[in-house]
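Visitor: We have chain A; now place chain B onto it with these hints.
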Amino acid sequence: MTPKAAHGANRRPGIRARFDLKAMPYLLISPYFLLFAVFGLFPLGFTLWVSLHSWRLAGDKEFIGFDNYGFLLTNAGFWNATGNTLGMFVMATIPQLVLAILLANALNKRMRGRLLYRMGILLPMVTSVVAVAIVFSQLFSPQYGMVNWLLETVGLDPVQWQSEKLPSWLAISAMVDWRWTGYNAIIFLAAMQTIPRDLYEAAAIDGASPRRQFWQITVPQLRPVIIFVVFISTMGGMMLFAEPLMFGSGRYDGGAAGQFQTIGLYIIQAFRERNNYGLAAAAAWLLFMFILIVAAVNYLFTNRIRGDR
Amino acid sequence: MTRAGSRGGVRLWDATVLTRVTLGFALLLSVWPLYWMVVIASRTVSDATAVPPPLLPGGNLGENISRALADDSAHLLVGLGNSFVVAGSVTVAVVLISTMAGFAFAKLRFRGRTVLLVSVLLTMMVPLQHVGVVPLYIMMIELDWTNTMQAVILPFLVNGFGIFLMRQYTLQAVPDELVEAARMDGASTWTVYWRVVLPAVRPGMAVLALLTFMQNWNEFLWPLIILRPDNPTIQVAIRGLSDTNYGSDYSMIFTGTLLSIVPLVIIFIAFGRQIVGGLMEGAVKS
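Protein chains in written order, with UniProt numbering: chain A, 1 to 309; chain B, 1 to 286.
Keep in mind the hints are simulated off the structure, nothing from the lab. No experiment lies behind these values; they were computed from the predicted model shown. C-beta: ideal position from N, C-alpha, C; glycine also. Watch out, some of these pointers could steer you wrong.
[As the list claims (entries may be wrong)] Taking beta-carbon pairs under 7 Å as the criterion, some of the chain A residues facing chain B (in silico): (1) Ala106; (2) Leu156; (3) Phe271.
Just chain A, with the same shape it has in the complex (with noise of 0.2 Å):
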């Protein structure tokens, strides 16, 4: 903390010398900081200024305090985008980490072509979301869709996957299950190969089989890094937009009912099709807050992963 000590060598504090020395650092962080003032810090705290008026396409704008916040509030509209919002984060999120532990256990085994194995299930991550979209909604169209044609071929009657709400739901988490179980994977794969071996070697001497290994050392190990990747899932699964845009043919209202419409549709809905600017902010804002609410849950949540249970 005494930064004149810091670099003993600096023996003719001329004014240059001094000023690379004070300065310097602040100048290399200067560019980073100076672009989130204007393009984070600033557009954040506008976005709370413009929910707070009547704002519309032409500027005119009147202030109306919290008019936009409580006709939302008691709009059966955002309701409906907030339980789809929520709904598919919870379908695709659970099975995404049980899906992604386990493959991680399973890549972390000793075998030939480790590598292709991870590159392999990482593949998914090339893809953008529209592609994947575009791709998935193709698989899951009801009359053509390869999905449908197993179904009946093994007997089932085919789903009505676009105009049904759950059916609807389960594609769309299908699309993003299998853009980042993989890369969730890797992630646990590298926290894992971090746990120290003698606790494995302990407790094989205590002879626990490795399932019992798996589930009193590795889960519990892990805690810190399904904390991180239940993070970003949330933020990711609350801010879901492409894949339901690209499942509704690339319309805002997410099916005709607005089965599968998400906050994030639901703001773009109010801010390009209605031309309301501020009640797009103020929707804006209550993602934010609902991002805030549903990570602290989490967090929670996770942090009682213990290891005896």
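Guide: For chain B alone, kept in the frame of chain A given last:
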């Protein structure tokens, strides 16, 4: 840390048959949608909706590519060009900004360092480009920047993850003695950064560049809002292609989609090892 894979030995149990089957199935699921993209992109329009579905690629890829590139609703070539410009510029800038700040946070002492570093980590967690979409749009209108490349590029230069990654990398790859020695020789802070730090952290820069390029190549919401349909990025372009031809011409849609992922697939095949390594390294540090 980098050699985590090779020290496995003792505690890694040998893979069982069940493990191999599980992984094989996971691999199949990972690859299948991409393979399906190739199948439909190389088939005729009627093949795409045939029952039972075709399982092997056909011979119409070339024809489908020329149809997709010529489609008026998509502007695929413009989209590919714009995406190279946007993702390339963001990558170069983010790598520069992140190595500079990463060096400062790792090796220099200054008042407020801890607080500033924590604030960078906090900004990593705020989804700025999404929560701030309305004011960003209003800003761009005021600046008269709508439908310009700088409007797409600048907001994505805010990348806390890059600083975090480069700080970790600098801590690990640049010994304090090296910095001290350079200072003894009278090197200024900038010279230390340019001559000592940058050469040492080159592998970390490569990983950050790969991840940043991939992420920005795939960015969708903000370009969709700020660019006009006739001047899109590639993601906006295939969205246009899909909207116009949905239900009628899957071959062409899938061809456009295939073209949109080709650059990333090439990068992934060429640098897959580094990407996997970089991701794993970043994960352990957090």
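Visitor: Against this structure, judge whether each hint is valid.
Guide: Hint check:
Hint on Ala106/A holds. Least Cβ distance to chain B is approximately 5 Å, under the 7 Å limit. Taken as an interface hint, Leu156/A does not check out: its beta carbon lies about 15 Å from the nearest beta carbon of chain B, beyond 7 Å. A hinted interface residue such as Phe271/A counts as satisfied when its beta carbon comes closer than 7 Å to some beta carbon of chain B; here the least separation is about 6 Å, so the hint holds.
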